[in-house]
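Asker: Listed here are the chains, written in short residue letters.
2 protein chains.
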Amino acid sequence: MTPTPISHNKMFGGVQATYKHRSDACDCDMKVAVFTPDGVSTDTGDAPVLIWLSGLTCDTTNFQTKAGAQRVAAELGIVLVMPDTSPRGDDVPDTEDRYDFGKGAGFYLDATAKPWAKHYNMESYIRDELTAWISETLPVDIDRMGIFGHSMGGHGALTLHLKNPKLFKTCSAFSPIVAPSQVAWGRGAFEGYLGKDETKWADYDATELLMRGTTDTNILIDQGTDDQFLSEHLRTDIFTAACEKMGQDHTIRMQAGYDHSYFFIATFIEDHLRHHATRL
Amino acid sequence: MTPTPISHNKMFGGVQATYKHRSDACDCDMKVAVFTPDGVSTDTGDAPVLIWLSGLTCDTTNFQTKAGAQRVAAELGIVLVMPDTSPRGDDVPDTEDRYDFGKGAGFYLDATAKPWAKHYNMESYIRDELTAWISETLPVDIDRMGIFGHSMGGHGALTLHLKNPKLFKTCSAFSPIVAPSQVAWGRGAFEGYLGKDETKWADYDATELLMRGTTDTNILIDQGTDDQFLSEHLRTDIFTAACEKMGQDHTIRMQAGYDHSYFFIATFIEDHLRHHATRL
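Line by line, the protein sequences are chains A and B.
Residues 732 to 1011, numbered by this note's numbering, are exactly what the first sequence covers, in order.
Residues 732 to 1011, numbered by this note's numbering, are exactly what the second sequence covers, in order.
Looking at chain A on its own, in the form it has when it is part of the complex (with noise of 0.2 Å):
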């Protein structure tokens, strides 16, 4: 997991730089995009961090260039850590004609049906190797580390959080997909990478997992209430009745007239960073 640098630039008296490194667990070098402020320490190595988990079709670039989020993270000492969607390569199997499975739309799970079970692993990579090599790299306390992300990384974030809650203590999301076992986006994809079995599905579905258990945190979701796919594949009214019917902590804000694009994460990115910062 030693990383190679690929890009290095410096923002808001920080650096935003990309690294590569070898994932065992997808079988393949991965991408990861990091942003760390001026002033946060490499002796004390105590800094606070999050892990954001983009969208259908986007890499690691998306966030690091459109969100704004650096600005806010260099005001509160945090460290921001930006994941590829999905395993990258030649040797990994795409679908020629679904921007929706395959490369770019990895869900954030282990698969276990061929030919995606040998690369697609983003859970363990992201659970497992990305955190370790936070632990080791950057100058953060492992134990203050938070995770969000968007559409498919909110449902990434939602069900890492739920399953690991003393790992990723604080989550938020915007736009995320909150019952994949209900609508196409999830249905598609969990048929792809777990098979047809639905009984195996919902370890990656956000409701059911919460129906299981609640965690002692405030869970943050800003919803456009002009998104185009809110109908069809988020649903975030599934997860608001879960929440309500199990007593989970939530703020879940449906904003009126905001799409599913990079200008409404904008708009709310700092809302986000400063939840997490607070709870860290």
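Each hint should be verified, as a subset may be incorrect.
Given that identical chains are not distinguished, each listed pair holds provided it fits within a single copy or across any two copies.
Okay, derived cross-link-like pairs now, DMTMM-like style, lysine to aspartate or glutamate, Cα gap no bigger than 20 Å in a straight line [said to hold, decoys possible]: (1) K797 to D990; (2) K797 to E1001; (3) K849 to D831; (4) K751 to D822; (5) K845 to D928; (6) K927 to E939; (7) K751 to E860; (8) K897 to E963; (9) K845 to D957; (10) K797 to D874; (11) K900 to E1001; (12) K894 to D980; (13) K762 to E827.
Don't read these hints as lab results, they were simulated from the structure.
Predicted model only: the values in this text are computed from it and were never measured.
Start from chain A and add chain B according to the hints.
Answerer: Below, chain B alone, put in the same frame as chain A:
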């Protein structure tokens, strides 16, 4: 010049939109992006407006997605207008092997050499047509208009301000080409668009224009010291010397460790918006 809407996204309470309109100067359809803050009154129509000119290879998308300017513009009540960097379309001549000439590289001048003169008239487009369209279409006070840009667009902002200080009342630039007649990027463009007679070039050279006379506003320039183009193409020192010789009011900041990227622009964009806001 009736605009055709292409996209429309809510952002920071306002609207980030892109339009297409006819340009007679460029003899083609031109795209232009506009951010209008919430609270800008269409009744009074008295908001200040800033035109952003992008650099080589850019189009209307780069600044609106990467600079983070809308957050500050929303706070200050400034309308942002982001035109394209060159004429576009199948009829417009281009080069196949050069990123610094042809499409994406209009240099904000009126070409006189064939075959460029028919379409490459970005100075007339920006100065006459775009400002007329702004005045007719947007809820702004055209007497409160400033101009800024990056790299080739910094060259455009400086030259358009120096030649039209009553129209473009305020001016700032990131990493501008300041002496195009003396550097490879500028000489290559001017020889192609204007011909080999260098006496015709001075009219598009910010340093030459400044030597003809100053303006009564403070010109703000931010330039990264680690910019890979600084010593060969940008040469901030030439313009700094001209400002000092001519007594032009200026604030030229060499920013240690920053490069030519939008990570640099995003870091200091707030300073630029406030620079214009206090003067408009």
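Asker: Run every hint past the structure and note whether it holds.
Answerer: Hint check results:
1. K797 to D990: Intra 15 Å, inter 18 Å, cutoff 20 Å: intra and inter.
2. K797 to E1001: both (13 Å within a copy, 16 Å between copies)
3. K849 to D831: within (19 Å within a copy, 44 Å between copies)
4. K751 to D822: within (17 Å within a copy, 42 Å between copies)
5. K845 to D928: within (14 Å within a copy, 67 Å between copies)
6. K927 to E939: within (17 Å within a copy, 72 Å between copies)
7. K751 to E860: within (13 Å within a copy, 47 Å between copies)
8. K897 to E963: neither (32 Å within a copy, 53 Å between copies)
9. K845 to D957: For K845 and D957, the Cα distance exceeds 20 Å both inside one copy (37 Å) and across copies (48 Å).
10. K797 to D874: Answer is neither; intra-copy 28 Å and inter-copy 32 Å both fail.
11. K900 to E1001: within (19 Å within a copy, 33 Å between copies)
12. K894 to D980: Result: close within a single copy only, 16 Å intra versus 60 Å inter.
13. K762 to E827: neither (22 Å within a copy, 32 Å between copies)
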